[in-house]
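What follows is the residue order along each chain.
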Amino acid sequence: NAGVTQTPKFQVLKTGQSMTLQCAQDMNHNSMYWYRQDPGMGLRLIYYSASEGTTDKGEVPNGYNVSRLNKREFSLRLESAAPSQTSVYFCASSEASRDRKAFFGQGTRLTVV
Amino acid sequence: QKEVEQNSGPLSVPEGAIASLNCTYSDRGSQSFFWYRQYSGKSPELIMSIYSNGDKEDGRFTAQLNKASQYVSLLIRDSQPSDSATYLCAVNMRSGGYQKVTFGTGTKLQVIP
Numbered sequence: 001n002a003g004v005t006q007t008p009k010f011q012v013l014k015t016g017q018s019m020t021l022q023c024a025q026d027m028n029h030n031s032m033y034w035y036r037q038d039p040g041m042g043l044r045l046i047y048y049s050a051s052e053g054t055t056d057k058g059e060v061p062n063g064y065n066v067s068r069l070n071k072r073e074f075s076l077r078l079e080s081a082a083p084s085q086t087s088v089y090f091c092a093s094s095e096a097s098r099d100r101k102a103f104f105g106q107g108t109r110l111t112v113v
Numbered sequence: 114q115k116e117v118e119q120n121s122g123p124l125s126v127p128e129g130a131i132a133s134l135n136c137t138y139s140d141r142g143s144q145s146f147f148w149y150r151q152y153s154g155k156s157p158e159l160i161m162s163i164y165s166n167g168d169k170e171d172g173r174f175t176a177q178l179n180k181a182s183q184y185v186s187l188l189i190r191d192s193q194p195s196d197s198a199t200y201l202c203a204v205n206m207r208s209g210g211y212q213k214v215t216f217g218t219g220t221k222l223q224v225i226p
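Chain order of the listed sequences is A and B. If you're matching positions, the first sequence starts at 1 in my numbering and goes up one per residue. If you're matching positions, the second sequence starts at 114 in my numbering and goes up one per residue.
Mixed in with the good hints there might be a few duds.
To give an idea of the chain A side of the interface with chain B (calculated C-beta under 7 Å), a few residues [unchecked claim]:
| # | residue |
| --- | --- |
| 1 | G42 |
| 2 | Y48 |
| 3 | G107 |
Straight-line C-alpha distance at most 30 Å; calculated BS3-like pairs for lysine-lysine [said to hold, decoys possible]:
| # | chain 1 | residue 1 | chain 2 | residue 2 |
| --- | --- | --- | --- | --- |
| 4 | B | K155 | A | K14 |
| 5 | B | K180 | A | K9 |
| 6 | A | K57 | B | K180 |
| 7 | B | K169 | A | K101 |
| 8 | B | K115 | B | K155 |
| 9 | B | K221 | A | K101 |
| 10 | A | K57 | B | K155 |
Selected chain B positions facing chain A (Cβ under 8 Å, derived; list incomplete) [stated by the list, open to error]:
| # | residue |
| --- | --- |
| 11 | Y152 |
| 12 | S156 |
| 13 | L159 |
| 14 | F174 |
| 15 | L201 |
| 16 | V214 |
| 17 | T218 |
No wet-lab data here; the hints were simulated from the structure. From the three backbone atoms N, C-alpha and C, an ideal C-beta is built for every residue, glycine too.
Modelling step: build the complete structure from the supplied sequences, incorporating the hints.
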């Protein structure tokens, strides 16, 4: 009964370091999303993937890359971390039908120093 | 204009009162609307979905949709301190040939015992 699993839960990076946030879902959903959440800014879409093999930019894609490895997995990569990328990151997945209820992972708290 | 707009609050209501949360959206073609609850430090969880004009009730929660006015609301009856959280409005919107879920910034609700 895992749903959406994100790793890691916490991470501290130095400016310029790189890292990949992992996300996997076991609900056979076609669509997957990466959001960041900052105080007063709500959830902002970084990238999304409508289906396996497709990705598209969201509202705030700069500084990030994504890979839809297969239907289950959608990873987010920071190539050169910056303090502005300090945030809470959420992965989510949803069905591709009209009923696009999104289910979220537990989040990754990332601090870039 | 933001795609999905909410008053950030905080909205304070006494225990037992009705809390009314509001949301407007920009895409007239949107078909699916959701309310999520997010406790501090936790991930968003889906509490209501609505697709047709009118009211949809689920326990103490009622979602209301008016597509002509591009307006969706959430009523919480008999508010409890445990309802204190941030409520996120989400709308399934068209974007570049795809459908994606866009969130508002959330309204913080405080239920005063």
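Query raised in the report: Which of the listed hints are not met by the structure?
Result: Of the numbered hints, 5, 11 and 14 do not hold.
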